Amino acid sequence: MNGTAVAKPEQSHWKCQVTISIVMVGGLGLLWAIYQRGANGPLLLDDYQQLGQLLGLTDSSHAFENLFSSSGPLGRPVSMGTFILNAITLGPDVRGWKEVNIGLHLINAMLLLWLSSWVFAVIDRRTHPLCIDWLAGAACALLWAAHPLNVSTVLYLVQRMTQLATLFTILGLLSYVVGRTRQGEGRDGAWFIVLSLFVFAPLATLSKENGALTYPIVALLELVLFWPRYKGRVTAHTGAIAVVIAAIVILMCLAVGMARVTEPALSGYSDRPFTLGERVLTEARVLVMYLGQIVLPYPGGMTFYYDDIEVSKSLREPLTTTYAIAILIALAVYAVFAIRTAPAVALGIWIFMVGHSVESTVLPLELAFEHRNYLPSFGLVLAFIALLWSARVSMVVRISFVTCALMTIATLTWIRAGLWTSDTAIAAHAIRHRPKSDAAASVLAQRLTQEGRFEDAMVLLRSTVSSGRALQQLYITCISGGRIEEATLRAVTHKLDAHVTSYMLTGLLELGNLALDGRCGIRNDAMIELLNQAARRGMWGGNPNRTKIDIYRAQLMWAKGERSEAVTRLLNAYAKDKEAVLALLLAAKFSAEMGESEWSRDILQKAMSAAGDNRAYYQDLIDEVVSILGTSGQSIR
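Add 1249 to a position in the sequence shown, counting from 1, and you land on the number used in our numbering.
The set of hints was computed from the structure by calculation and includes no laboratory data. Heads up, a few of these hints could be off.
Here are the computed lysine-lysine pairs in the PhoX-like style, where the Cα-Cα straight-line distance is at most 20 Å [said to hold, decoys possible]:
(1) K1825 / K1855
(2) K1685 / K1562
(3) K1827 / K1855
(4) K1825 / K1744
Simulated restraints, written as ranges between beta carbons of each label pair [unchecked claim]:
(5) A1439 / G1549: 28 to 36 Å
(6) Y1547 / E1759: 47 to 55 Å
(7) E1434 / V1274: 29 to 37 Å
(8) V1642 / T1755: 50 to 58 Å
(9) T1713 / Q1854: 47 to 55 Å
(10) Y1297 / E1700: 34 to 42 Å
(11) R1772 / M1843: 44 to 52 Å
(12) P1793 / D1872: 37 to 45 Å
Everything numeric in this text was worked out from a predicted model, so none of it was measured. Glycine included, C-beta positions come from ideal geometry on N, C-alpha and C.
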């Protein structure tokens, strides 16, 4: 052969894998550096509610009391376990916690490299990925990892729950693909399938409930990848039949559990500004918005806050609802017919659809959040690379195109990560592109107020009309040294929005505090009427937030001399919400101050029993009640 050594196929394949691995590590290293721009960013929204106690933890012996979260019916113990470990090892260093999120994102990218490579290999009837498959897999993984839409999942600390659910879902899918491929070769693959269905899928579900989507996505893999490949070979389907039976049993168990969870969850629509039908119609437009954000990720289209989305009242109101539904139906129909001719494209589209089947359908959740695209966006990236790899162009052209796309989206991610250095920057960016967003306006106005820029805050809040903004304007008027005129307060009272949002609730409680402190001329009667009007409306968060309003109403009633009525309202609040320990304690305090010592003792003992392991959070108020009771209360301690 003219004295020239020819590399064996195995050597060439090994060199290809090494080269691609080096490129992946380099790309992910660059991505790590990009994400460091936002690692010092703030806590947001649910971060405080779900992680506040852990971030302020001073005694690690009590850390595992927080193993179950209130954010999901299963408690998400896998995710909470990682947060507990952060609390024990890193303390309140938020940057370290966020760097764990960044690391998980890069691990997910490496796993998607392997999963994508195996998918392309199976489609081309190969038993192992070749160099061309690894190239396609690397393109998928890097494009997904570098996409700017993922910034708000990675740097929004509590969304580690989404990341961990995705991690175990990917592991489950990868295990299933390897196991089924081995079975097709006549080798033992059962243990890989057992890992997929009975280890990784449950871990995904215990990280976040939509991790249960691992099961239907596994079914998609079987339908799209393996059934056509092994058609007519009964023995090759032995494992698949076992998988289907196991999946059916598991899904039936999940269905029973979800039915018990879903029924009360659906009742949450009474506290939402939309009905079940309106949400489903609106989600069609939201999904098309997500499609646009993934395909054309321009900065102005990714704002984190989406509370200003117009609710679809019908197919024609707005008319874009009909167009959105038509787009989704066309996409789904294409994916069905593409299973034979373009299986990877079909698989990717269906991963996107199935990935949104929990959070973007019937549950009464907020209409849109970017983190819902974390795994589904991979489906669209997979479909895109499959189309590119099937195009009749050279490999040089393919790689050049992917490189240009990577440079573009990495730059956008660098820009967006920079926004996540402060909540003000995030809110200011959102206001520029979504001026009707109350959530963004409240954050920005609060920061302007803290800086003493009261008039700038008022101008911002006057740009659109909503009850939340009106209440925040009243608050700013007060703390800037002004007086809240009763006529102005009554005007706001009689024009309250039909549903109390989290923004409105914050404004109501802040004004309640001002009234209790006797500030700014707020009369108790006027404040009670405002709270009464709010209590008659749909309430964000349901009963717990109605209880908060009841507690403020009771305190205002007490302040104006309606003492017995105040105690009765507090006891009624507890009767409706057995978690309302504060209502019981205040009832005990007021009863003690009225001289009804025996009744107060009974209520106090009931409150302490209801507090359970959380008694430490109420200890100051307990001590205050005992002090009022004097010697008759000493035995309660």
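Going down the list of hints, with the structure as the test:
{"no.": "1", "hint": "K1825 / K1855", "result": "holds, 15 Å"}
{"no.": "2", "hint": "K1685 / K1562", "result": "holds, 19 Å"}
{"no.": "3", "hint": "K1827 / K1855", "result": "holds, 11 Å"}
{"no.": "4", "hint": "K1825 / K1744", "result": "violated, 28 Å"}
{"no.": "5", "hint": "A1439 / G1549: 28 to 36 Å", "result": "violated, 50 Å"}
{"no.": "6", "hint": "Y1547 / E1759: 47 to 55 Å", "result": "violated, 36 Å"}
{"no.": "7", "hint": "E1434 / V1274: 29 to 37 Å", "result": "holds, 30 Å"}
{"no.": "8", "hint": "V1642 / T1755: 50 to 58 Å", "result": "holds, 55 Å"}
{"no.": "9", "hint": "T1713 / Q1854: 47 to 55 Å", "result": "holds, 50 Å"}
{"no.": "10", "hint": "Y1297 / E1700: 34 to 42 Å", "result": "violated, 21 Å"}
{"no.": "11", "hint": "R1772 / M1843: 44 to 52 Å", "result": "violated, 24 Å"}
{"no.": "12", "hint": "P1793 / D1872: 37 to 45 Å", "result": "violated, 25 Å"}
Hints 4, 5, 6, 10, 11, 12, counting from the list given before, are not met by this structure.
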